[in-house]
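Asks: The residues making up each chain are set out below.
Number of protein chains: 2
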Amino acid sequence: MTPLQTLGERGLIQRIQQNTPAPKQPSTLRGIGDDAAVFTLNDQIIGLLTTDLLIEGIHFDLTYVPLRHLGFKAVAVNVSDIAAMNGLPTQLTVGLGLSSRFTVEAVDELYAGIQAACEAYNVDLVGGDTTTSRSGLVIAISVVGQVAQNKITYRNTAKPNDVICVTGDLGAAYLGLQLLEREKQEYLANPDMQPALSEERAYLIGRQLRPDARTDMVHELRDLDVLPTAMIDLSDGLASDLLHLCTQSGTGAVIFDENIPIDDQTYLAAEEFKISPLTAALNGGEDYELLFTVPPQMFEKLKNHSRITAIGYMTNTPDQIMLATKAGQQTPIQAQGWSQ
Amino acid sequence: MTPLQTLGERGLIQRIQQNTPAPKQPSTLRGIGDDAAVFTLNDQIIGLLTTDLLIEGIHFDLTYVPLRHLGFKAVAVNVSDIAAMNGLPTQLTVGLGLSSRFTVEAVDELYAGIQAACEAYNVDLVGGDTTTSRSGLVIAISVVGQVAQNKITYRNTAKPNDVICVTGDLGAAYLGLQLLEREKQEYLANPDMQPALSEERAYLIGRQLRPDARTDMVHELRDLDVLPTAMIDLSDGLASDLLHLCTQSGTGAVIFDENIPIDDQTYLAAEEFKISPLTAALNGGEDYELLFTVPPQMFEKLKNHSRITAIGYMTNTPDQIMLATKAGQQTPIQAQGWSQ
Chain A
1 MTPLQTLGER GLIQRIQQNT PAPKQPSTLR GIGDDAAVFT LNDQIIGLLT
51 TDLLIEGIHF DLTYVPLRHL GFKAVAVNVS DIAAMNGLPT QLTVGLGLSS
101 RFTVEAVDEL YAGIQAACEA YNVDLVGGDT TTSRSGLVIA ISVVGQVAQN
151 KITYRNTAKP NDVICVTGDL GAAYLGLQLL EREKQEYLAN PDMQPALSEE
201 RAYLIGRQLR PDARTDMVHE LRDLDVLPTA MIDLSDGLAS DLLHLCTQSG
251 TGAVIFDENI PIDDQTYLAA EEFKISPLTA ALNGGEDYEL LFTVPPQMFE
301 KLKNHSRITA IGYMTNTPDQ IMLATKAGQQ TPIQAQGWSQ
Chain B
1 MTPLQTLGER GLIQRIQQNT PAPKQPSTLR GIGDDAAVFT LNDQIIGLLT
51 TDLLIEGIHF DLTYVPLRHL GFKAVAVNVS DIAAMNGLPT QLTVGLGLSS
101 RFTVEAVDEL YAGIQAACEA YNVDLVGGDT TTSRSGLVIA ISVVGQVAQN
151 KITYRNTAKP NDVICVTGDL GAAYLGLQLL EREKQEYLAN PDMQPALSEE
201 RAYLIGRQLR PDARTDMVHE LRDLDVLPTA MIDLSDGLAS DLLHLCTQSG
251 TGAVIFDENI PIDDQTYLAA EEFKISPLTA ALNGGEDYEL LFTVPPQMFE
301 KLKNHSRITA IGYMTNTPDQ IMLATKAGQQ TPIQAQGWSQ
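Chains as they are written, first to last, in full-length UniProt numbering: chain A, 1 to 340; chain B, 1 to 340.
In short, the hints are calculated from the structure, not lab data. Note that CB positions come from ideal geometry on N, CA and C, so glycine has one too. It is possible that some hints are incorrect.
Claimed, not checked - Think about it this way: if two alpha-carbon atoms lie no more than 30 Å apart in a straight line, the pair counts; the simulated DSSO-like pairs of lysine-lysine are: (1) A:Lys24 / B:Lys151; (2) A:Lys303 / A:Lys326; (3) B:Lys159 / B:Lys24; (4) A:Lys184 / A:Lys274; (5) B:Lys159 / A:Lys151; (6) B:Lys151 / B:Lys24.
What the hints assert, rightly or not - Label-pair distances were calculated between CB atoms; the ranges are: (7) B:Thr157 / A:Arg182: 49 to 59 Å; (8) A:Leu62 / B:Ser306: 47 to 57 Å; (9) A:Asp264 / B:Arg134: 30 to 40 Å.
Unchecked claim - Per the computed footprint, the stretches of chain B lying under chain A, defined by three or more beta-carbons under 8 Å from a beta-carbon of chain A, are: (10) 181-190; (11) 313-325.
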């Protein structure tokens, strides 16, 4: 008997992928291995399907996560997978496992967050399953989405010399988590304390508790007539997710440390926690921004966009990701990311 | 604060339904309230989406449920929802929460069952999510399916005088559960005992551990050119699921106790457990057979089918389900069903 730990989560997923037979349904266009599965809808439109499982004590800590934010986030992380295929969500189901300590009001709060996200991302809550859970809260969300056949973006189609772009800024969600965890420890040590979370930290905490899926960028890319060659959402951290793009595309990458977009608040909090802001950006995870590649000539259309940053370029050295400093020095980087 | 128990699962689902806004996406044809959600695929074909959450200690007991059977069942119960819409499954995602006590071999067994079901029902495993669980095993499955636009069967379209039909036989899964539970208690009392489950009980235990979704009946109904006016799958028990059909269709029903199909083994085991076989059939649940209605003239095509039984007819007395005896006496029946 082999304990699961010897394989690790990545190893387990690889094992499941390898043991899964190739799709047989004519309507299945892409199975396991991208942000969402892909199936035929009609001549112009492609269907997308993604699912995520959030478990109390693993993915969230109800001592500091408000249920309304949790409901919103549970939807957003799935919608983010649809956005990573350059698609928009249409239908959503919610499976909910509830322990008996939950109140009706608590369920109402959770659903208020789910519905706020459905509103924000223009997706219909169409079904689900509600059941008892012996221990904590379990949230299973599946989302169906759509994308025009000629607009879908996979992970395995980046090309050498493509410009690597990210939306927004990175590392903030990770530092938000550090702030919340510290607050929790202080509260446990002294339950009478007043919350010390200052207003200035609201951005970081918001990025952790209530991340946004970048469907706005899907719209903007359409409006700018920019079609990425490949795209993924940043859930595990830039290093890990960029490695996915590279491995699946058969490319390597060079990224410039100076170019990685990091918010001022992230810098400040990183200093406080004695964490390198670059490490937070590379390995922190949960930013739910989009990472995509475009041919150099197409980047012209994006270079003045305030929320899109070019951070490097794809190379033809498979799987090798180099971090380049201002001084021109290049060091290979390892993906760490989350293992949940 | 209101404890969840005061509302009950049914009450909670109603509350969620009432709080859910009407669908806004043009592609959403039907939201919450049927066996599966319904969305546009193309001019001829309609898409179906359903999800189920299975939690250890609530839906299954790993002391007597083999993981391979559990994997199969987890797929079958979802496929059954697609069959209830007169559709066939095409794509499936699996979300898995695993506690650290699981071994790699155990996960392989579970997936072997999932893959056997994918093979049996001709559906592609296209994605999912694997994560740690703090306590027990959590399985979240979502299935996408298809049905021709002119063949879909909803719950709310049965008409008075329609003949009520069921496939297969009822109550066996419930008695299989009783056998397994008794075995477990005896084993806990005396761990050295030899299993006393005789070969003859294999049918009942099989119906509990590894139920089949009735996609075969979907094919047969097509071949016979029979289109039900309404259909639902029997997961909660005949009384409860028939009440769903009636409530949503604005009808009542009369069913004949003599006509309810019950296997000989179910009769024998019911006697042993001092349970009324009729009660097992009406309230036992988990049979995953199909319950459907057809206009009287269409029933002609089905009357010689060995696996389809007419058990009664729809009336125009809303929500009233009467059980009629041979002697002609009618008594109202209450839906009990499972509350999980």
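Asks: Could you run down the list of hints and mark each one as holding or not?
Replies: Evaluation of the provided hints:
Taken as a hint, the Lys24 (chain A) and Lys151 (chain B) pair is honoured in the structure, with Cα atoms around 24 Å apart against an allowance of 30 Å. As the CA atoms of Lys303 (chain A) and Lys326 (chain A) are separated by approximately 20 Å, the hinted pair is consistent with the 30 Å bound. Taken as a hint, the Lys159 (chain B) and Lys24 (chain B) pair is honoured in the structure, with Cα atoms around 29 Å apart against an allowance of 30 Å. Between the alpha carbons of Lys184 (chain A) and Lys274 (chain A) the distance comes to roughly 19 Å, so the proposed pair stays at or under 30 Å and holds.
A hinted pair counts as satisfied when its Cα atoms are at most 30 Å apart, and Lys159 (chain B) with Lys151 (chain A) does not qualify at roughly 45 Å. Taken as a hint, the Lys151 (chain B) and Lys24 (chain B) pair is honoured in the structure, with Cα atoms around 24 Å apart against an allowance of 30 Å. Checked against the hint of 49 to 59 Å, the C-beta distance between Thr157 (chain B) and Arg182 (chain A) comes to roughly 57 Å, which is consistent with it. Under the hint 47 to 57 Å, the C-beta atoms of Leu62 (chain A) and Ser306 (chain B), about 53 Å apart, fit the expected range.
In this structure the supplied range 30 to 40 Å holds for Asp264 (chain A) paired with Arg134 (chain B), their Cβ-Cβ distance being about 36 Å. Counting residues of the region 181-190 of chain B whose beta carbon lies closer than 8 Å to any beta carbon of chain A gives 0, which falls short of the minimum of three for the stated coverage. Residue count for the region 313-325 of chain B with a Cβ under 8 Å from a Cβ of chain A: 0. That is fewer than the three needed, and the coverage hint is violated.
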